[in-house]
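*Asks:* Using the sequences and the hints, build the whole thing.
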Amino acid sequence: EVQVWESGGGLVQPGGSLRLSCAASGFRFSNYAMNWVRQAPGKGLEWVSGISDSGGTTYYADSVKGRFTISRDNSKNTLYLQMKSLRAEDTAVYYCAKADYNDLFDYWGQGTLVTVSP
Amino acid sequence: DIQMTQSPSSLSASVGDRVTITCRASQGIRNDLGWYQQKPGKAPKRLIYAASSLQSGVPSRFSGSGSGTEFTLTISSLQPEDFATYYCLQHYSNPRTFGQGTKVEIK
Chain A
1 EVQVWESGGG LVQPGGSLRL SCAASGFRFS NYAMNWVRQA PGKGLEWVSG ISDSGGTTYY
61 ADSVKGRFTI SRDNSKNTLY LQMKSLRAED TAVYYCAKAD YNDLFDYWGQ GTLVTVSP
Chain B
1 DIQMTQSPSS LSASVGDRVT ITCRASQGIR NDLGWYQQKP GKAPKRLIYA ASSLQSGVPS
61 RFSGSGSGTE FTLTISSLQP EDFATYYCLQ HYSNPRTFGQ GTKVEIK
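If you're matching them up, the sequences are chains A and B in order.
The first sequence begins at 1 in the numbering used here and counts up one residue at a time.
The second sequence begins at 1 in the numbering used here and counts up one residue at a time.
It is possible that some hints are incorrect.
Unchecked claim - To give an idea of the chain A side of the interface with chain B (calculated C-beta under 7 Å), a few residues: (1) Tyr101; (2) Asp103; (3) Asp106; (4) Trp108.
Unchecked claim - From the derived model, a few chain B residues whose C-beta atoms are all more than 10 Å from chain A: (5) Thr74; (6) Ser76; (7) Glu81.
Stated by the list, open to error - Chain B side only, calculated, beta carbon under 10 Å to chain A, not exhaustive: (8) Gln38; (9) Leu89; (10) Pro95; (11) Gln100.
If you're looking for bench data, these hints aren't it; they were derived computationally from the structure.
Beta carbons: idealized from backbone N, C-alpha and C, even for Gly.
*Replies:* Structure, rendered in structure tokens:
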């Protein structure tokens, strides 16, 4: 059974940093691209970042470029999102999403809440 | 960036109704589109991939159609468990972009 689950969310002050993790099981992690998607309270879904299966190619939304870094450790079946210079508008539930072979998201974690507040 | 314009933003319908939701892409995306259902406090669940292919385990009352710039999600006979918010997502290019969402409520 494919499973992905996020951890690392919490309360952080504006300007602070946080690292999210996404553990995976039930599939060959190193064969699939992975993504982060967020959802601000009461709002829609926003793609944040994606990474290729090898980790060699990364993509970012303009809203987080230069502040967030996506990475992965295929030996640990884990995806990461390092977030720096956090702003109030980064407050959201952050989801990890596995991509299928056509790069469309198929499996999602349950999300981890990041709150940026003084 | 490709903009995905989803309509309507909300609708009220009764059990048994036929419901249609539309997504329009700002440029052609072939059939690189998926549809997702999200219930409050839950992760999105994929319903449709490649614009018209039904995800395994999803009831056949859900269907998708379209190609290029115009796409539709149809629920042929709305059931109580279908009241949720629905999103389209294009994966033709980066950045990936979602539609704004359609909240389906009980009339």
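*Asks:* Now tell me, hint by hint, if it's right for this structure.
*Replies:* Tested hints:
{"no.": "1", "hint": "Tyr101", "verdict": "violated (11 Å)"}
{"no.": "2", "hint": "Asp103", "verdict": "holds (5 Å)"}
{"no.": "3", "hint": "Asp106", "verdict": "holds (6 Å)"}
{"no.": "4", "hint": "Trp108", "verdict": "holds (4 Å)"}
{"no.": "5", "hint": "Thr74", "verdict": "holds (19 Å)"}
{"no.": "6", "hint": "Ser76", "verdict": "holds (23 Å)"}
{"no.": "7", "hint": "Glu81", "verdict": "holds (18 Å)"}
{"no.": "8", "hint": "Gln38", "verdict": "holds (8 Å)"}
{"no.": "9", "hint": "Leu89", "verdict": "holds (7 Å)"}
{"no.": "10", "hint": "Pro95", "verdict": "holds (5 Å)"}
{"no.": "11", "hint": "Gln100", "verdict": "holds (5 Å)"}
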